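Asker: As a plain string of letters, each chain reads:
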Amino acid sequence: MTETTERTPLIELTDVSKHYGTVRALEGVFLEVHAGEITCVLGDNGAGKSTLIKTIAGLHQHDGGTVRIEGEETRLASPRDALDRGIATVYQDLAVVPLMPVWRNFFLGSEPRKGVGPFKRLDIDLMRRTTREALLRMGIDLRDVDQPIGTLSGGERQCVAIARAVHFGAKVLILDEPTAALGVKQSGVVLKYVAAARDQGLGVVLITHNPHHAYLVGDRFVLLKRGTMVGSHTRDEITLEELTRQMAGGSELDDLRHELEKSTP
Amino acid sequence: MERTADERILQSSPLRKLLSRPELGSVVGALAVFLFFAFVADGFLHASSLSTVLYASSTIGIMAVPVALLMIGGEFDLSAGVMVTSSALISSMFSYQMTANTWVGVGVSLLVTLAVGAFNGFMLTRTKLPSFIITLGTFLMLTGMNLGFTKLIDGTVSTKTIADMQGFPSAHAVFASTLSVGGVDFKVTILWWLGLVALASWILLRTRAGNWIFAVGGNQDAARAVGVPVTATKIGLYMGVALGAWISGQHLLFSFDAVQSGEGVGNELIYIIAAVIGGCLITGGYGSAVGSAVGALLFGMTSKGIVFAEWNPDWFKFFLGAMLLLATLLNAWVRKRAEATT
Ligand SMILES: Nc1ncnc2c1ncn2[C@@H]1O[C@H](COP(=O)(O)OP(=O)(O)OP(=O)(O)O)[C@@H](O)[C@H]1O
Ligand SMILES: [Mg+2]
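One line per chain: the protein sequences are A and B, in this order. Anchor point for the first sequence: position 61 equals 61 in the working numbering, and the numbering is continuous, going up by one each time. Anchor point for the second sequence: position 45 equals 45 in the working numbering, and the numbering is continuous, going up by one each time.
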């Protein structure tokens with residue numbers, strides 16, 4: 001972490017750790033998120049990626065180290081708190097409420113209202129219209145914003161969640177494995193929206209298993225392994241091959257190859 | 001771009017919109033039951049019989065509305081049945097023991113009943129145990145307290161009459177009077193019922209709280225992650241059930257002026273059945289207040305229809321079970337169809 005940036009990072013984690021009881025889920029993690037950049041967090045199953053972003057999203061509190069948001073040291077109390085500071089998260093498993101219409105999902109938790117006193121009510125026309133427009137701006141042309149969001153494809157659902165975050169003026173967008181369950185084509189579509197969000201000036205944290213996806217869009221790469229940080233690079237410091245090698249376990253993989261070569265004639 | 005989007009929306013047929021209504025199954029069922037009893041039961045179509053049916057439906061319906069909201073929010077309340085009795089007992093005993101105006105008892109009862117509802121919600125959100133367990137506990141405790149306190153204070157299983165106390169006539173008018181419309185007598189509970197259905201529909205479909213209710217029932221974690229106050233929503237829903245219990249309890253008290261302390265046990269299941277017949281998804285996130293009203297109406301028609309048809313009332317339970325199964329199957333089928341044709 002020797003590079004010098006004159007800009008204050010949107011989010012800066014220094015030596016952050018997190019324990020679940022006796023389970024050490026994170027230890028000594030450093031991470032920076034800048035406006036207009038994509039920071040990728042890579043690691044195997046159980047490496048602590050989700051734990052890391054839940055800390056940034058206010059779902060958990062860190063046990064050690066410091067979290068700075070726009071230079072100010074903070075401890076997020078709740079997801080609401082994080083949202084109010086412009087940190088929006090799209091989770092791996094809990095992005096939407098499947099049975100609710102797309103437009104209700106889009107505004108969930110931030111519903112616009114009209115009227116006064118006891119007659120304060122949802123501004124449904126505005127909600128429907130805005131949803132359609134915001135999605136269209138991201139290039140998603142939905143047939144019907146009234147359909148239950150559970151009837152959309154996985155990729156479309158992720159895109160709606162991303163469009164929602166962009167619409168509500170998030171400064172930081174956190175995505176937990178948005179491409180994990182998607183086919184090649186849909187992954188490409190989602191990555192395109194991730195890049196679109198970046199181009200609109202958001203700082204993006206992208207969690208992924210897939211170094212190829214990460215290298216396509218990433219500006220910084222943080223590698224986690226069993227809760228500890230085993231690497232942190234900017235794009236110009238590392239090649240895709242090196243990233244893939246480190247991700248797959250680096251020297252362990254070399255050993256594995258060695259073994260395999262020996263056993264197969 | 002805009003235009004193509006609009007055109008495709010027009011293609012989604014009105015029929016599909018209709019099919020995707022949660023209460024569709026129950027409406028079809030209600031029509032069938034209505035026609036059935038219109039044929040087999042003499043006098044079922046008389047205005048006075050229909051008024052009786054509506055009265056029976058309203059006493060279930062007043063509770064089915066908040067119970068449906070709670071179910072949409074993903075939870076159950078097994079204490080809802082005895083809570084009605086508790087609410088009536090508190091009102092009656094407070095007024096009698098303090099020799100206060102009955103309205104004071106009514107007010108105290110409101111506060112205590114709301115507190116019981118808040119307790120249910122608080123325990124649920126705090127312990128994160130299933131609502132089945134939490135409210136089963138409350139159910140047993142309330143059942144015991146209803147009987148225990150009544151024996152302790154009044155020496156018998158029912159309260160003393162409060163009919164001669166101050167404020168009784170006006171409270172009777174509000175909670176238990178009979179209104180004559182065009183020569184037919186209607187119970188005031190029907191108005192309470194319709195009012196609650198309208199209020200609950202407004203909340204569900206037009207307010208932010210309604211959006212939150214669907215969300216906490218549909219996917220609680222997703223709701224919390226986007227900033228929905230999950231705890232407050234759930235506690236509010238339990239307090240809604242308590243409000244319904246208070247209205248029902250006051251009706252019970254002021255229509256008979258004394259309360260049997262053992263009443264109410266088992267009614268909680270009837271409320272749940274009405275909500276489920278009305279299209280509420282038992283796993284939460286889906287349903288409507290109007291549906292619960294149709295469910296209650298089905299219930300009222302069947303219970304009274306059997307009497308008008310001069311059948312053995314034992315058959316009522318059979319009908320109820322069959323309706324529950326049919327309505328649930330129909331609802332599941334309709335929902336699958338609606339989601340598949342998108
Ligand atoms: N709530 C919890 N309580 C206890 N341990 C937990 C909890 N959540 C996660 N863990 C543990 O912390 C470690 C890191 O989990 P985490 O979900 O952050 O992994 P991940 O990198 O996101 O994995 P995946 O790629 O499978 O999503 C795992 O060993 C996991 O078992
Ligand atoms: Mg994960």
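It is worth saying that the hints were derived from the structure and are not from the lab. Do not take every clue at face value.
Just some of the chain B residues that point at chain A, by a computed CB distance under 10 Å [stated by the list, open to error]:
1) 36
2) 40
3) 163
4) 210
5) 216
6) 227
Using C-beta positions, here's what the derived DEER-type ranges look like [claimed, not checked]:
7) 123(A) - 97(B): 42 to 52 Å
8) 22(A) - 148(B): 43 to 53 Å
9) 129(A) - 97(B): 55 to 65 Å
10) 145(B) - 81(A): 35 to 45 Å
11) 22(A) - 15(B): 30 to 40 Å
12) 81(A) - 15(B): 37 to 47 Å
13) 315(B) - 45(A): 32 to 42 Å
To be clear about the criterion: a stretch of chain A counts as covered by chain B if any three or more of its residues have a C-beta under 8 Å from a C-beta of chain B, and this derived list gives those stretches [stated by the list, open to error]:
14) 15-26
15) 105-113
16) 119-126
Quantities reported herein were computed from a predicted structural model and do not represent experimental measurements. Don't be surprised by glycine CBs; every beta carbon is placed ideally from N, CA and C.
Asker: Indicate whether the distance between the beta carbons of residue 22(A) and residue 148(B) respects the range 43 to 53 Å.
Answerer: 46 Å, holds
Asker: For the range 37 to 47 Å, tell me whether the beta carbons of residue 81(A) and residue 15(B) fit it or not.
Answerer: Once the Cβ atoms are compared, 46 Å apart, the range 37 to 47 Å for residue 15(B) and residue 81(A) holds.
Asker: With respect to the beta-carbon atoms only, verify the hint that residue 129(A) and residue 97(B) lie 55 to 65 Å apart.
Answerer: 59 Å, holds
Asker: Okay, residue 22(A) versus residue 15(B) on CB: inside 30 to 40 Å?
Answerer: About 58 Å separates the Cβ atoms of residue 22(A) and residue 15(B), which means 30 to 40 Å is violated.
Asker: Hint says 42 to 52 Å; check whether the CB-CB distance for residue 123(A) and residue 97(B) agrees.
Answerer: Once the Cβ atoms are compared, 51 Å apart, the range 42 to 52 Å for residue 97(B) and residue 123(A) holds.
Asker: Taking 32 to 42 Å as the hint, is the beta-carbon distance of residue 315(B) and residue 45(A) inside that range?
Answerer: 58 Å, violated
Asker: Check whether three or more residues of the segment 15-26 of chain A sit with their beta carbon closer than 8 Å to a beta carbon of chain B.
Answerer: Violated - the segment 15-26 of chain A has 0 residues with a Cβ nearer than 8 Å to chain B, which falls short of three.
Asker: Any CB of chain A closer than 10 Å to the CB of residue 216(B)?
Answerer: 9 Å, holds
Asker: Against chain A, with CB atoms and a cut of 10 Å, does the hint on residue 227(B) hold up?
Answerer: Holds - the Cβ of residue 227(B) comes within 10 Å of chain A, reaching about 4 Å at its closest.
Asker: Count the residues of the segment 119-126 of chain A whose Cβ falls closer than 8 Å to any Cβ of chain B, and tell me whether that reaches three.
Answerer: holds (count 4)
Asker: Please verify the coverage claim for the segment 105-113 of chain A: does it have three or more residues whose C-beta sits within 8 Å of some C-beta in chain B?
Answerer: holds (count 6)
Asker: Against chain A, with CB atoms and a cut of 10 Å, does the hint on residue 163(B) hold up?
Answerer: It is violated, given that the least Cβ distance between residue 163(B) and chain A is near 36 Å, above 10 Å.
In terms of the numbered hints stated before, the structure departs from hints 1, 2, 3, 11, 13, 14, listed from lowest to highest.
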